[in-house]
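Line by line, the protein sequences give chains A and B.
For what it's worth, this note's numbering labels the leading residue of the first sequence as 6, then goes sequentially.
For what it's worth, this note's numbering labels the leading residue of the second sequence as 6, then goes sequentially.
Because the hints were derived from the structure by calculation, they are not lab data.
Mixed in with the good hints, there may be bad ones.
[Said to hold, decoys possible] Derived, one-sided and incomplete: chain A residues facing chain B with beta-carbon distance under 7 Å:
hint, residue
1, 61
2, 85
3, 91
[Unchecked claim] Within a straight-line C-alpha distance of at most 25 Å, the following computed SDA-like cross-link-like pairs (lysine to any residue) qualify:
hint, chain 1, residue 1, chain 2, residue 2
4, A, 60, A, 39
5, B, 398, B, 270
6, A, 25, B, 68
7, B, 96, A, 112
8, A, 115, A, 198
9, B, 60, A, 30
10, A, 115, B, 91
11, A, 25, A, 50
12, B, 409, B, 395
13, A, 60, B, 270
14, B, 327, A, 94
15, A, 60, B, 112
16, A, 96, B, 30
17, B, 60, A, 19
18, B, 60, A, 93
19, B, 349, B, 334
20, B, 96, B, 134
21, A, 327, B, 94
22, A, 226, A, 172
23, A, 327, A, 291
24, B, 298, A, 92
25, A, 198, A, 56
26, B, 60, A, 291
27, A, 25, B, 334
28, B, 25, A, 56
29, B, 128, B, 108
30, A, 128, B, 112
31, A, 322, A, 134
32, A, 60, B, 26
33, B, 283, B, 322
34, A, 96, B, 68
35, A, 60, B, 19
36, A, 128, B, 68
37, B, 60, A, 134
38, B, 322, B, 311
39, B, 96, A, 69
40, A, 322, A, 198
Glycine included, C-beta positions come from ideal geometry on N, C-alpha and C.
2 protein chains.
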Amino acid sequence: MALIVQKYGGTSVGSPDRIKNLARRVARFKALGHQIVVVVSAMSGETNRLIGLAKEIMSEPDPRELDVMVATGEQVTIGLTAMALMELGLKAKSYTGAQVRIVTDNAHNKARISHIEEERIRKDLNDGYVVVVAGFQGVDEQGNITTLGRGGSDTTGVALAAALNADECQIYTDVDGVYTTDPRLVPEARRLKSITFEEMLELASQGSKVLQIRSVEFAGKYKVKLRVLSSFEEDGEGTLITFEDPENKDSNMEQPVISGIAFNRDEAKIMVLGVPDKPGIAYQILGPIADAKIDVDMIIQNTGADGTTDFTFTVHKNEMFKALGILNQVQTHIGAREVRGDDKIAKVSVVGVGMRSHVGIASQMFRTLAEEGINIQMISTSEIKIAVVIDEKYMELAVRVLHKAFELEEA
Amino acid sequence: MALIVQKYGGTSVGSPDRIKNLARRVARFKALGHQIVVVVSAMSGETNRLIGLAKEIMSEPDPRELDVMVATGEQVTIGLTAMALMELGLKAKSYTGAQVRIVTDNAHNKARISHIEEERIRKDLNDGYVVVVAGFQGVDEQGNITTLGRGGSDTTGVALAAALNADECQIYTDVDGVYTTDPRLVPEARRLKSITFEEMLELASQGSKVLQIRSVEFAGKYKVKLRVLSSFEEDGEGTLITFEDPENKDSNMEQPVISGIAFNRDEAKIMVLGVPDKPGIAYQILGPIADAKIDVDMIIQNTGADGTTDFTFTVHKNEMFKALGILNQVQTHIGAREVRGDDKIAKVSVVGVGMRSHVGIASQMFRTLAEEGINIQMISTSEIKIAVVIDEKYMELAVRVLHKAFELEEA
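This is chain A alone, in the form it adopts within the complex (with noise of 0.2 Å):
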């Protein structure tokens, strides 16, 4: 008997037929014997809905009072899917974030999970219940209602299966697996049947959009077994989520050098140019936009020969405007030349463990750019991705002219 925590998507959930399908698969784990915590996200369009609702009557909605409307989303999924499991004769209640106490952080529309009080979900499923747990939401130390951000609900699933010490966490969702880049970028994609989690980590951030990156990390530093799984099919395996064993790195003959080819056109990219060269400008620059809750991802610093430094970084799309605007306010402080801002970007990153043992990737990856003439506009690398930021339009160019240099159509 395991403890299993599945987590359901938005159209996983998208009618009550689809709800009534999952409600069988619950009841087939449920016949093995198995314990099930089934978290679930909004309809499919529910949000986007309530969104729009809000926007009609405020343009930038209130983030306290946006979280208490868009939590009603998954809410009322909940109560359709606990009930659809009583159909089926099975025992089972619901429980939204707050009432788990999926406690959080005050940070409404992207709050953090802090600690889940799971006691009363424990004695449900040892009642025997099926509990089905609201996704993408919690509730913060004075009561209020917070939501996780977009995609929330693949945390809530992990952060539970962490705090229940679940055998498993399944994520069921529109596809099923991960693949070595988007399929429908590149027909040739292929499934993999398991990677590491810090491939993972890096496909997810990237812009390979199966898993939402925070439940990654929460898997990681938890332990989480993790797989990703087809809703839409009966028996698919999926893709585990492995952890690499660190003893052991170079031990798996199999282990390909590359897994996959991830990209993300959502982010934009500020330059703060002919900053004086001296200790705690990165500090002063970046500080501001930390404060300003603004999430910035590549950070990239070269300095220039006449005592000036270009400071470079990225950051959501969104969020362009309102960096640019706090570093204006500071421009002059900090005595930069110039703040510009370019959001006709993309990141396109070559990821996969076996780099790490490989040398030549990176100028593999350089020249089979260079061939198709695509300009360079930044590079970051880490262990075990290398990154690159090119102009918007060649983005589908270049993830297919990678996939094809590494081979990873084939198996």
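Starting from the structure of chain A, add chain B where the hints point.
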């Protein structure tokens, strides 16, 4: 400076534009220096949409899970209303029933309020906020979401007014006050400037669907000054619900004998025939009905000459078959000859505090009905009303002729 609770129903919050209207009205009251608590219903149609969704999954939705779903209707409205107030530059904050802690019993779908923790609202009011509260919903001692049943938002408004010791509770609706009878049935019906609580209680419970009966009981119990107003008129004064001074009940020379004619076609009649006429029989019949939480309205018992008695009572039409099922189980035990139901009935009542000091009201009522050939099936009287049950098909006719007979069209 007064503390005013304003309750707005589903049609008053039926669209973003109507919510903006509501906000402008609240802003006018706030500008006069008043403290305002706004109680809102779900947007019109939303509760039915949610119930319909639930019924696609479960023909008789689980009561606990239905409350989880249905409570989202008001939760959306409070967010929108708070934002609309902010757009006008007011400070506003929303609370669900669970967040206020409007504590109820655990009778899902028709819970009763046990107490309200009003400290948080009072603090917000003192800090200059307009506080927006979800009507119709609460939370039980175990933290389960409950709803008060249809029309429960009125009850929330009055209960909050009582808990906060408010100066007035204003119920905004799509009618501009309480009428002598439903103007849709009798075009000559006239708006009453004031009406006593007792009359209101009779009129509301008898089917003049202006206010939910429980809210009137609550208002009477806690001496809340209650006013019914139109949300579509700028300056209507509505109908004030007054307390009659018991020391002075006959002193008001202008008090009309009859205030209005109420009617109700939502009830069904249950007859338990040929029951042995012995002590305890009424309890044996109604005990199981009460245990099943079926509300009973009229109760009549006639003792026959043969040592048996006929026991007749009315319940909501929706609960007739449930009630019959229960009585069929106990029929043998209580020795009843027959149990029978009839849902083709209507109740018509003549209401007025004045009738206490005027003889002949009953005979005038019965003569008026007899002249139209309308047979009376049941009669029930109280100090301020005479109610009759008749064949459903004569209801409109009965209301019209009684309205005329008691000269209610004249002021």
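- [ ] Enumerate the violated hints, using their earlier numbering and listing them in ascending order.
- [x] 4, 8, 13, 15, 16, 25, 26, 27, 31, 33, 38 and 40
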